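> All the letters of the sequence shown, read from the start, carry residue numbers -32 to -1, 1 to 328 under mature numbering (1 follows the signal peptide of the UniProt record, and there is no 0).
Read the hints as simulated data drawn from the structure, not as lab findings. Quick caveat: nothing in here was measured; it's all calculated off a predicted structure. Take these hints with a grain of salt, some might be off.
[To be verified] Capping the alpha-carbon separation at 30 angstroms, the derived lysine-lysine pairs in DSS-like fashion look like this:
#, residue 1, residue 2
1, Lys186, Lys235
2, Lys280, Lys186
3, Lys280, Lys264
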Amino acid sequence: MSLATPLQRRSSWILAIALGLSGLSLAPAVEAAPAKTTAKKKAAPKRTSTPKANPKTNADLAPAASVTSSRSPTEIINSAPPEAWRSPAPDNIVLMELQTGAAGTPPAQVWFELAPRFAPAHAANIRALVRAGYFDGLAVLRVQDNFVTQWGDPGEPAGAENAKTRPLPAGAQEKIPAEFSTAFAALPFTPLQETDGWAPINGFVDGFPVGADRASGKAWIAHCYGTIGAGRGNEADSSNGSSLYAVIGQAPRALDLNITVVGRVLKGIEHLAALPRGGGQMGFYGANETRTPILKSRLLADLPEAERPSVKVLRDDTPAWAEWVASRRNRSGWFVHNPGRVDLCSTSAPVRITAPGAAP
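Please take these sequences and the hints and turn them into a complete structure.
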């Protein structure tokens, strides 16, 4: 991403993620106390273990609440049949390798899936950047506690220590449209029966956590743990995928519909979350701080077939998924209190990544 100057560009990245720190209150509105009445009180309805769907939002979309399970989530995942899993397109899977340890030690691998249903232009641009080796040799720029890890071109002012301003390669676009949402009607959407405080409707598309609004016809990927977005400046269309971030803390849902979400981490989020926090403003690393280098980024499609691991994501349109969600909703065993519900960001689609030739 290249704006007027490298310094301005770095500032734009700061602005991009700062949207989530605007001091918005997450406290629910206080309801007025009900008026007193002399009428005889009715007995409270018996509490069930499954919450009602919001009749103004999810009611006509929510699956029947009759799905139950006596098995643990792990048991369900381990016994899910082959047809319950999908294989993401190899050109939508990115492998990023970081040098988190001493030189010569095995790199830390971060696998993430692009979301072309929601951000096709950004996904195409990221593929072009990865294939051209744009990210190779760059670094993690920022780690802000309970918020994000961000990587890409540091874009320091000319002459600064470790300055590394890298032009975009041929085939990558400098300017592409903002892709904050997509049309809801055409999506293969699997709803959650629970309501969501940030979206009238919530559920999953290809395992991605999605919020939607039928009134506007929009759907978008929610900022949950592991969500990957494209940093931008003040202008809505100032992102192009050359600066990326992953959520490593409590879901900053205020960023929804404000930044283009390009995918989610499938495996290796712990490597991004465990990095040293930046000492500068908003977690950016200062000139005298060591940045974690990016050794290499590759698309799964570009690996020789004999070296490709098997990548599987549990399909959200299967009985195995419905049972898995029900099992997470209604806990037993160690649990003294059954929560009786789940939420969008705590229901991350299970993933299997196995070495080439290994049994799935």
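> For every hint, state whether the structure bears it out.
Status of each hint after checking the structure:
1. Between Lys186 and Lys235 the alpha-carbon distance is near 28 angstroms, which keeps this suggested pair within the 30 angstroms criterion.
2. Note on Lys280 and Lys186: the hinted pairing holds, with a Cα-Cα distance of about 28 angstroms set against a maximum of 30 angstroms.
3. In summary, the hint linking Lys280 to Lys264 is supported, as the alpha carbons are separated by about 23 angstroms, within the 30 angstroms threshold.
Figure legend: structure checked against the earlier numbered hints; every hint is met.
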